[in-house]
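Student: UniProt numbering numbers the first residue of the sequence shown as 1 and each following residue consecutively.
Derived by calculation from the structure, the hints in this document are not laboratory data.
Just so you know, even glycine gets a beta-carbon here, dropped at the ideal spot from N, CA and C.
There's no promise every hint is true.
Quick list of the computed label-pair ranges, beta carbon to beta carbon [said to hold, decoys possible]:
#, residue 1, residue 2, range
1, 61, 112, 15 to 23 Å
2, 113, 50, 38 to 46 Å
3, 74, 48, 18 to 26 Å
4, 22, 52, 19 to 27 Å
5, 111, 74, 31 to 39 Å
6, 84, 55, 19 to 27 Å
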Amino acid sequence: VITDTSGRRNWVLTSQVPIFGLNTTGFVTTLPLPDVTHGTFLHVHQGNVYNHHYTPLTFGSYTVFSVIAWDTERNYVYYIANTESDPGERHLWRVTDISSDEPRIQECLTCCLNYSSLSCRHFVPSLAPDNIDK
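Please construct the entire structure, taking both the sequences and the accompanying hints into account.
Tutor: Pasting the structure below:
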């Protein structure tokens, strides 16, 4: 468990268990990332088991709640997060990892869906394991 108590208010942010890529020494997880204006938010970071360097893949004034999959073949990390404008919502996002030709490109996959009601803004996706790392 990785915790951050460096803030002046000593708010504890806890990361999730890392997700390891197939046939790689890398992993992805959530870690605190300071935002100069709005405080600290949990974001997706990519790391390696041989060093303690973590590269943030996501950034901004929103919270990543969990990483749900890492497709190392296509260089996408899938995660659940809210948006800067609607902190009560939960959406499925993806971001390109550091091995991508264009790293750190964030894309919300459910933000553009046509909502029939306000209850359709809290997504809990499930990805089939057969579709990841093939």
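Student: With reference to the structure, classify each hint as holding or not holding.
Tutor: To see whether the hints hold, each was checked on the structure:
| no. | hint | result |
| --- | --- | --- |
| 1 | 61 <-> 112: 15 to 23 Å | 20 Å, holds |
| 2 | 113 <-> 50: 38 to 46 Å | 40 Å, holds |
| 3 | 74 <-> 48: 18 to 26 Å | 20 Å, holds |
| 4 | 22 <-> 52: 19 to 27 Å | 22 Å, holds |
| 5 | 111 <-> 74: 31 to 39 Å | 20 Å, violated |
| 6 | 84 <-> 55: 19 to 27 Å | 22 Å, holds |
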